[in-house]
Amino acid sequence: MNLQINIREKLMLNIIVCTKQVPKTGNVKVYKGTGTLNRKETENIINPDDLHALELALHLKEKYESHVTVLTMGPDNAEDILYEAYALGVDKCVLLSDEQFRGADTYATSLTLSRAIEKLGGYDIILTGMTAIDGNTSHVGYQISEFLNIPLITQINDIEIIEKHAIINRLYGHEYQKVEVDLPILLAADKETNHVRFSKFSDINNCFDKKIIKMNMEDLGGTEDDYGIKGSPSIVVKTESFTHKRQQEKIDGNLDEKVEQFIDILKKHNILKY
Amino acid sequence: MKQVTDIEEYQNIMVFVEIRDHEQVLEGSFELLSKARELADKSDQKVDVVVLGKDVEQYLSDIELSNPDRIFYCSHEALKHYDSQIFPDMITQLIKEHKPFAFLATFTEAGKDLTPRLAQRFATGCTSHCTDLDIEHLPDYGRDLLLMKRPAFSGNVIATIVSPHTMPQMATVQPGVFRKQSRDRINNKSEKPEMIELAFDYDLSKIRIKNLSSPTRWEKKHVLLEEASLIVTGGRGVKDKKTFKLLHELAGLLNGEVGATRVPVFKEWCSEERMIGQTGKSIKPKLYISFGVSGQIQHTSSIVDSEIIVSVNIDEKALISEMSDYVINEDAASFIKQLITRLKKEIR
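Chain order of the listed sequences is A and B.
According to the working numbering, the stretch in the first sequence is residues 717 to 990, in order.
According to the working numbering, the stretch in the second sequence is residues 1485 to 1832, in order.
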């Protein structure tokens, strides 16, 4: 009896998924003149690649006995994406929120997430999205892997966990590889990794009853020099609105006339010969 | 951020040169070397190359043509592919020894793994996807700094980013952003660069990701958007996969290539190799024609070098209109269909 319990405990996977709330690009509202983002009027969503990381976590949970924790750093309204994660079926959600975390570049973000991961206790698999659609840096996964000193694997086709190691098929450079790696590991997911499930209605109904655990700077330790803008080596010194205005010659008329004029343009620029 | 104590000792621009598919030097590395040469001459510094690979000696004469001052190279079977332990470890050592002012890499699978890892180890800043680089004296910080420009995190702005208190200053640049300069145009010096061979003494038992079986080759779909002289690009406004497919017919008629913004790639109307923009490719064709493209900065910052820009969009106020030479206010799908019909008559 005892032995069985031990085996079960051994196989229990602790999975932590790092997510980010991002403005829904393609539908951003920008202030005229400055060109900066109007955050009030822009809808926020879970970063798309992070949804694939969540999906991978839930897939592993179905296959192996697992406990899935979702972590995000952001303002209080970043809770929204954590409720969404509860609706998808994760076990625990943690919001890292503190005035001191504001303005973090990728280095300070990775440091904050890594410290939180260590505070959460043991972990076997950390999951992140490959890249976030707002910053487009792809830095955070690699830097968490450095902070925690664990291997990072990207472009995963499939994964199998055997005791305390993983067998993974992945694409690497221009090769498909089958590799073996000891846990803990970090995996970065993107849209090639899987198809994201829909929430069940029952889970959507229940998600707001679940508790979101909040952690602040005091919980993570360190000083305010480590976090946010003070802990960020990168500084934005200037922003200029992006203007590359050209002559904007308007082509008018009905469809036929417009196409005809376009053909003339092609000829004028030697794309088509007369 | 606490200032690095020996900040004044950091000198020279180190460039990571990548060997593509262990066959040739990546074109983007030459482009980056050209930019590094320009910045080094401006600020009286040297250009250092670091290149690791298998039988890497065969590439050195090609690299010499970009006029670096020193080439650090290492040749070993274990360096045949980029490795996320060996490469960062070896280059960390090199940075510790030579203290470069800046470290530049291409934004490729290798470069995007390597650079943030190094930045973490030196607790320094790293800016990815730069669209321009410069070196200037910033009075606020009392020293020369690497200015890294890239589209801002949100909105239609370009941000200039510096990491003034830490070294080295790190940046990645997508292939296609800078232009490769031929040797005589870079400068007229003809000295050979200094060649420094690095010893390979990596303890391979430390490798954590182990290959279980011999890998199989993945035939990458090569879409050479960077070199195309005419590109037709579809965006969200193309509306469906069926219409998007017509772009291939149109590109065929005009002897061009098909590009896309993020939406068609996400909706799987086309493959990722066709994506133009911050997470895709940078282009500089003679003619760029956009259909149903709204003009978010993540896309448009990668098309500014096009000679002629034509935009077809039903939304008159689409951001892309402003940066177009010709603006056609029309539904993308109808225009594509009509244009194909008309071109077939023309070319017949």
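Worth flagging that the hints you see were computed from the coordinates, not collected in a lab.
Since we're looking at a predicted model, the values are computed, not measured.
Hints may be right or wrong, so weigh each one.
[What the hints assert, rightly or not] Cut-off 30 Å, straight-line C-alpha distance, at most; resulting in silico cross-link-like pairs (DSBU-like, lysine-lysine):
| # | chain 1 | residue 1 | chain 2 | residue 2 |
| --- | --- | --- | --- | --- |
| 1 | B | K1633 | B | K1664 |
| 2 | B | K1829 | A | K740 |
| 3 | B | K1751 | B | K1664 |
| 4 | A | K880 | B | K1694 |
| 5 | B | K1538 | A | K894 |
| 6 | B | K1770 | A | K966 |
| 7 | A | K983 | B | K1726 |
| 8 | B | K1538 | A | K974 |
| 9 | A | K989 | A | K779 |
| 10 | B | K1583 | A | K954 |
| 11 | B | K1676 | B | K1580 |
| 12 | B | K1801 | A | K954 |
| 13 | A | K966 | B | K1538 |
| 14 | B | K1676 | A | K907 |
| 15 | A | K989 | B | K1751 |
| 16 | A | K756 | B | K1801 |
| 17 | A | K946 | B | K1694 |
| 18 | B | K1828 | A | K984 |
| 19 | B | K1768 | A | K983 |
| 20 | B | K1486 | A | K930 |
| 21 | A | K946 | B | K1801 |
| 22 | B | K1633 | A | K974 |
| 23 | A | K961 | B | K1583 |
| 24 | A | K954 | B | K1526 |
| 25 | B | K1676 | B | K1770 |
| 26 | B | K1729 | A | K966 |
| 27 | A | K954 | B | K1486 |
| 28 | A | K983 | A | K966 |
| 29 | A | K966 | B | K1690 |
| 30 | B | K1564 | A | K954 |
Tell me the numbers of any earlier hints that the structure contravenes, in ascending order. Violated hints: 2, 3, 8, 9, 13, 14, 15, 17, 21, 22, 23, 25, 29, 30; rest satisfied.
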